[in-house]
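Chains G and F are the protein sequences, given in the same order. Heads up: the first sequence begins at 1 in the working numbering, then just goes up one per residue. Heads up: the second sequence begins at 1001 in the working numbering, then just goes up one per residue.
Errors might be hidden in some of the hints.
[Unchecked claim] With the Cβ distance kept under 7 Å, some of the chain F side facing chain G (calculated, not the full set):
| hint | residue |
| --- | --- |
| 1 | 1092 |
| 2 | 1222 |
| 3 | 1308 |
| 4 | 1312 |
| 5 | 1317 |
Note that these hints are calculated values from the structure, not bench results. Even glycine gets a Cβ: it sits at the ideal position worked out from N, Cα and C.
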Amino acid sequence: MTRRTIVAAVLGLASFAFGQDEPLPKAEAILDRYVEVTGGKAAYEKRKNEVATGTFEFAAQGLKGALTRYSAEPAEEYLVTDIEGVGKIEQGMHNGVAWDKNPMIGPRIKTGAEKMQAVRESTFNSSLHWRDLYAKVETAGTETIDGDLCYKVVLTPKEGNPETTYYSKKSGLAVKTMMVAVNQMGEVPSEVFASDFKSFSGIMEPTKLIYKAAGQEFTLTIMDVKTNQPIPADRFEPPAEIKALMNKAADKK
Amino acid sequence: MNADKRGSKRIGLSVCGLVAVVLYGQAASPEKQRQIASFEKVWTTIRDKHWQKKPGGLDWLAIHAEFYPRIEAAKSDEEALAVMREMLGRLKQTHFGIFPAAVYNDVEGEGGGDGSTGIETRVLEGKAVVTDLDPGSAAEKAGVKRGWVVESVNGKPLAPVIEKLKSDPEIHELALERAVRSRLMGLTGNAIKVVFLDGAKAQVTRDLMLGQERGQTARFGNLPPMRVFFESKKFGNTGYVRFNMFLDLVRVMNGFGSAVENCMHCDGFIIDLRGNPGGIGGMAMGMAGWLVDKPDERLGTMYMRDATLNFVITPRAEVFTGPVAVLMDGSSASTSEILAGGLKDLGRARVFGTKSAAAALPSIFERLPNGDGFQYATANYISEGGKALEGLGVTPDVEVKLTREGLLAGHDAVLDAALEWIRKKK
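The following block holds chain G by itself, in its conformation from the complex:
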């Protein structure tokens, strides 16, 4: 066989392969693969809590800050972001109460779709528990994100707006999520780009997250993640202002 024949044959095979519609994998398989490629079920199950530290940058506005996030099983969270010129923004989830306190708006308790979104986000090892968090998952096609061919998976939560996550066909990692973020000001279509995955205690996590919403863009950079730390028992307790709001709500009932 001449060299030309070999080239023609390879090209022919390539076009044949290209011409075939490759069946899309089931969303369930894509989500389970994510767990596997990021460390595996056993590694996730060993992780009982986590303390992540990093930075926040809103470059267009010139705002920067430091963040620390404490999270623990089953769905406990305390996140504090200290931004120069803005102050300390705190949010948390404790015993099913989702709250937020910032110097601008004040303290508040999240309800409705915003609360359900907070529940999903604070669920510890949420990648492992997707079956509990979403009523339906389906593969909606493929799309190239930053040159990386990805499976597009639509995840419909039990309550709230569907989210679309793009999983790299090659690496299995989640590189982009599109969602309608809910907060007290309304619904804001948002995109989150995840990259720079690094291993912390055997689990790969993105260390760079770029958020795009309402024409703005900000970046979270995770510097360190420590797992199974001796987190004080009261770390997830809401601050006094939130407890006062909880008491007020209870009194009204």
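Assemble chain F onto chain G, guided by the hints.
Structure of chain F alone, referenced to chain G:
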């Protein structure tokens, strides 16, 4: 032969290029180039930054096709300005405007620097009248009084500037006040010579050393450092707060919260937003949370290209439920209008003073390539009562105007009216 052909082709291309350059040079004088570049800047900005993908419901591409030939044909800067203004006029929306370079320079003044005399003025009946003096400022120490008229600064009379700016319908009170203010500022440590007309209508000259503005320096991202003051006091059993900007977030919000907390049993509470040009919009929601007890109430809604933001009020655990008065004037803008307009629409506050600046939107001023000033808004804001604040402003429930005579007599007619209303509500 081939070489010759290639050579001819190259020469041909060069000639064509030369002709094109000559034609371009003929068509686009530097003046024309600036006009076209300015037109493109305006058109592109609206296309990319207007809150509606179809700005004003118009086919914006068709607008370009219609107006571009007219810009090309414009015979002067004035004609080009008229064409651009007509194009913006098609939007039928406020806060899209172009200010001729000369007017823009008049507003900006020549002062430069952040040194202040400590004088606050308002243009009353065409005159720059001293309405307030920063405590401990050079002006206060020099015996300047409320009600005096600022006639000239460093030998330059203010009257012609005020007259010129007032004659331009695009210039509002906020810009007028800014024009006067900029002339009373300069480099810290320098002195300026100010001629006043005192209460007896006699000319009085004072050399005033420029010092730091009242308040503390606040930083917020890329914004230049700004001096922000917050004051809180009581008139009898009525609480009163005043701050010059919605900035220095933590200090101002804590100050506001403490003032309300210390006034839970007051007869009333007054928020003085006169001269406050706004700042961080979200602070209005946080402040309203101390005054509105019903959950899920809104001050209004902001419409952006990619999102609709509701200015929702989150009530605090303990809320002041007594009468609330808000003081405003033509220099109260943006977040001031969002707070005052929303509280008024919700029936939670009574507004005293004069109509606000009608500049509630996040609007941006940029210089065009031809030197003109270009203002455009990037969002629309509808107050809870259903009206756009932009262009309409907040109309006071009780209109009270400051007068030179009242100020000279030591009265603040707007504050007095609010205190009287609270006294009657008791």
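Violated hints - listed by number, lowest first: 1
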